[in-house]
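Q: Heads up: the sequence lines are chains Z and S, in that order.
Residue 675 in this note's numbering sits at position 56 of the first sequence; the count goes up by one each step and never skips.
Residue 244 in this note's numbering sits at position 99 of the second sequence; the count goes up by one each step and never skips.
Worth flagging that the hints you see were computed from the coordinates, not collected in a lab.
Hints may contain errors.
Stated by the list, open to error - Incomplete in silico selection of chain S near chain Z, CB under 8 Å: (1) Glu177; (2) Phe246; (3) Gln248; (4) Gly249.
What you are looking at is a predicted structure, and each value in this text was computed from that prediction instead of being measured.
Note that the Cβ used here is the ideal one computed from N, Cα and C, for glycine as well.
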Amino acid sequence: KAGVTQTPRYLIKTRGQQVTLSCSPISGHRSVSWYQQTPGQGLQFLFEYFSETQRNKGNFPGRFSGRQFSNSRSEMNVSTLELGDSALYLCASSLGSRAEQYFGPGTRLTVT
Amino acid sequence: AQRVTQPEKLLSVFKGAPVELKCNYSYSGSPELFWYVQYSRQRLQLLLRHISRESIKGFTADLNKGETSFHLKKPFAQEEDSAMYYCALTAGGTSYGKLTFGQGTILTVHP
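The shape of chain Z in the complex, shown without the other chains (with noise of 0.2 Å):
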């Protein structure tokens, strides 16, 4: 089975502008986290999404959505960007709430 995949991998964007970054499922996987990983705070959880129903959230501001499709592929939307935003953010996808789950490559995003 093909692993799960992000795109696109890098981005710069400027402050005050939005990015949508895209996340491909392994086949037949239904739920999609999403995570951002910096250096200080580690790995933290954005939200999930289960059957295009966002059913879980982390303590991100409201600049910070998603969506999913009825195929599985999510995506996240960060609106008006802060350099603070500057991140790797990784998605991933399960069976299950609790099973365990497979990363993407991640997406390398650098806010200037």
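For chain Z, the structure is supplied; the task is to place chain S on it using the hints.
A: Using the frame of chain Z, we list chain S on its own:
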């Protein structure tokens, strides 16, 4: 709220020596615990989970509910074990899809 603590940021051992990466957690319910590993230039990947009780690449981890620990052990470290290791927890209830990670331990195995 759940929390995972990995007290060692860096751990260095010599090849053939035993290695133990510590993980402590706080959660009042019954957690699922995992160890993830990230080798250089590779994606984060699952190493093992406590309910499977498997030994992967010679690593084992036992859940100690009394001490709320899930330490990762290997009797004889190899150079290829050098990587970043993360302990992670998922809770029950409405914690759908949420893994809570520790800060990670960088393991270096010297020849």
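Q: Output the numbers, in ascending order, of every earlier hint that fails for this structure.
A: none
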